[in-house]
Amino acid sequence: MRLVYLGKEYEEPLPLSYAEKPITDKGIQGARLMLKEANQAGNFVGHSFELEEAILPLDGDVVAKAKELLAKGERFIIADLEPADLLAVADLPEAKDALIMNIRSSATSLRQEQCRVNVFHIIPDYAMRADAIAQYLIWKKWPRWFVIRRDSPQDQDFLAQVKRSAGRFGGKVVEDKVYDLPPGARNLDSGHQQIQAQIPMVTEAAPDHDVVWVINSDDDFGDYLLYRTYLPRPVVGTQGMQAIAWDKSYTESGAMHFQNAIPRIAKRQPVERDYTAWLGFRALADSAMKSGTTTPQEVRAYMLSDQFKLEGFKGQAMSFRTWDHQMRQPIVLGGGTRVPVSTSPQEGFLHPTNVTDTLGFDQPETKCKFK
Amino acid sequence: MTRIALAAISAAALLAFATPSFAATPMIFVSNEKDNTITVLNADTLEQIKTVKVARRPRGIVVSPDGKELFVAAGDGDIMDVVDIGTLEVTRQLESGPDPELMALSPKGEIIYIANEDDSLVTIMDVKSGDILAEVPVGVEPEGMGVSPDGKFTVATSESTSMAHVIDTASNKLIANVLVDSRPREAKFTPDGKELWVSSEVGGTISVIDPKTWKVTQKISFEVPGVRPEQLQPVGMDFTKDGKLVFVPLGPSNRVAVIDVASKEVKEYILVGQRPWHGEMSADGKKFYVANGLTNDLTVIDVESLKAEKSVPVGRLPWGVAVTPLPQ
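Protein chains in written order, with the numbering used here: chain E, 1 to 371; chain C, 1001 to 1328.
No wet-lab data here; the hints were simulated from the structure.
Quick reminder that beta carbons are idealized off the backbone N, C-alpha and C, glycines included.
Don't take each hint at face value.
To be verified - Simulated pairs of lysine-lysine, DSSO-like, Cα-Cα distance not exceeding 30 Å:
1. C:Lys1050 - E:Lys290
2. E:Lys248 - C:Lys1034
3. E:Lys290 - C:Lys1173
4. E:Lys140 - C:Lys1173
5. C:Lys1212 - E:Lys290
6. C:Lys1034 - E:Lys65
7. C:Lys1034 - E:Lys290
8. C:Lys1194 - E:Lys177
9. E:Lys36 - C:Lys1173
Said to hold, decoys possible - Output of the computed footprint for chain E on chain C, the stretches with three or more beta carbons under 8 Å from beta carbons of chain E:
10. 1131 to 1141
11. 1179 to 1192
12. 1198 to 1207
13. 1267 to 1281
14. 1292 to 1303
As the list claims (entries may be wrong) - Simulated DEER-style distance windows between Cβ atoms:
15. E:Pro183 - C:Arg1056: 41 to 47 Å
16. E:His192 - C:Glu1095: 46 to 52 Å
17. E:Arg264 - C:Val1224: 52 to 58 Å
18. C:Arg1056 - E:Gly184: 55 to 61 Å
With these hints in hand, go ahead and build the complete structure from the sequences.
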């Protein structure tokens, strides 16, 4: 079985801490690990796997590259792409029978109005993330949320999902405040003194709230809120306690295997995209091995069948929602703490068929219509 | 007269305290993953005899066939502690390799097979000397180990690769690799050696494998009204002495399934404590003991009536159970 890792060197937000090195190989390291593991497994049953790495420079033409790969017969694509590029590739006529694993974008539109029948979403979307945090806050009886955010398209998407979660689970967004101080430089000697004075002022006027929900995809101020708000309040969202598919603190259900394996090849700790790339590859490799076939049609049929039960260190089988191809999965609540806070779905949030479907868009709510 | 008798007893008690010997007491051992201890219970009275401190994160435990030693896989200690059952002290350690979780002994107890998750290896070790006899590469994240009753085959499950790997113990070479459902945990042969059973925790099934062909002949799944299917996760498996029934703790569903080995039908689901993963049959085969991870206790099930009779407290996050054999 041949797979392609198709990516682009997008500009990534710099970590807020000057001491934290930007990571330039997120994702691909997870795919490389799975290549090794899939061949280790495949060796025993007569399957082999190859991975072509096609990571283009920022000004590279993803569509041209995709056409070239598809013309060569490649059909299994791990897509480390932003929504516009992802859709451009998915909409190519020659990609019609391809299987494209979205390991990067949490944009909810990709699972809703912009869903595509040849795209499978490994990474949770903002709706799942918001629901994962919201369930925990409701369980804690902290229903009043003060949102403070930037205004990028990702931030607006997350905000809409936070409001949706509030409506679903009985929370309330008591205020939606856009933080408009420009980010500026990351490293300033004695810079903390100004921040320490600014944050209480920014948070002072908010109505009564139980938590501060920060939405800052560019990671340029969110961490400043922790321990500095006017009232002593926990911080959740894109900083503070986060809802993520993988966290460096997560160790349960065999997770230490992945925590140990990535540093051996990448010389750094795993990040979420390493996990989604690993899992996306694994979904394809497992389906090929268990169904005994490598044609896109049959792998696809197996992946969407009841037999498909993917293991990925979450203590339960993962599978795809047939209505939007989102992978159903438990979500870790961590991100800033040395041990995870919890895993959602939370106890008590019920669902007639699968409790993980309490996270994100369930079948009755979906706006996805596969053509 | 009474006074003299009492004095004699207390002298005996003192003497026993000075050089304790538990060899004659039938015992149950429970590994407490969180406490880094082994709880030792008197199997007749269910009273605690001792709590033995061991290396970090004890999980898999197994008693030697002669009843003299208890082997404890300490995953976070990267070591295997050996407890002398006569004194209930850790007397030696075996270099198990990193993160040992489960192990199995050869029928006579002279060889131990250890799954090393990190290195995707099965380590085959001489029990007496601790010498490594062989290392067999298997799939990613090996976990469960099972030896056939005649000692000819050893099976390792690999959690990430979803396979049962069969090792020929004469050559220490892999002779078969059987694909099973997701996250296989334990591998056990029926007492007559005619079937190999492999539990798949995330797949929610048990695969029954024919050792003549090493092919899956049947899959057993579980169903309890009102319990979500993803909570029915088989982990441990223990056959009754007559080989007619198997007891399967089902993790998050808080139940133990009892399967009829001949028909492969589930006869009963017995409610126990929270998150049972492993258990063990009593030496006389009349009781099944199961460790409840989240409620910190051990439930005793009567094998004849299939009723949970009693639960007794053990340490925190109890994981594995082992018992001393009947006196020989």
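Evaluated hints:
Among the hinted pairs, Lys1050 of chain C with Lys290 of chain E is inconsistent with the structure: their alpha-carbon atoms are about 47 Å apart, more than 30 Å. Under the criterion of a C-alpha separation no larger than 30 Å, the hint pairing Lys248 of chain E with Lys1034 of chain C is consistent with the structure, at around 21 Å. Between Lys290 of chain E and Lys1173 of chain C the CA atoms are separated by roughly 24 Å; this keeps the pair inside 30 Å, and the hint holds. Simply put, Lys140 of chain E and Lys1173 of chain C have alpha-carbon atoms about 54 Å apart, too far for the 30 Å limit, and the pair is violated.
For the given pair, Lys1212 of chain C sits about 22 Å from Lys290 of chain E by alpha-carbon distance, which is consistent with the 30 Å threshold. For the proposed pair Lys1034 of chain C and Lys65 of chain E, the alpha carbon gap of about 52 Å is over 30 Å, so the pair is violated. Proximity of Lys1034 of chain C to Lys290 of chain E is assessed by CA-CA distance (about 36 Å); at most 30 Å being required, the pair is judged violated. Proximity of Lys1194 of chain C to Lys177 of chain E is assessed by CA-CA distance (about 69 Å); at most 30 Å being required, the pair is judged violated.
Distance restraint check for Lys36 of chain E and Lys1173 of chain C: the Cα-Cα separation of roughly 22 Å lies within the 30 Å cut-off, and the hinted pair is therefore satisfied. Counting residues of the region 1131 to 1141 of chain C whose CB lies closer than 8 Å to any CB of chain E gives 3, so the stated coverage by that chain holds, three being the minimum. Restraint check on the region 1179 to 1192 of chain C versus chain E: 4 residues with Cβ-Cβ distances below 8 Å, three needed, restraint holds. A count of 3 residues in the region 1198 to 1207 of chain C with a Cβ less than 8 Å from any Cβ of chain E is obtained; the coverage claim is therefore met, three being the minimum.
Residues of the region 1267 to 1281 of chain C with a Cβ under 8 Å from some Cβ of chain E number 0, which does not satisfy the need for three, so the listed coverage is violated. With 0 residues carrying a beta carbon less than 8 Å from a beta carbon of chain E, the region 1292 to 1303 of chain C misses the three-residue requirement, and the given coverage is violated. The given range of 41 to 47 Å is respected by Pro183 of chain E and Arg1056 of chain C, whose C-beta atoms sit roughly 44 Å from each other. Under the hint 46 to 52 Å, the C-beta atoms of His192 of chain E and Glu1095 of chain C, about 49 Å apart, fit the expected range.
A hinted range of 52 to 58 Å is violated for the C-beta pair Arg264 of chain E and Val1224 of chain C, which are about 41 Å apart. Checked against the given bound of 55 to 61 Å, the beta carbons of Arg1056 of chain C and Gly184 of chain E, roughly 46 Å apart, lie outside it.
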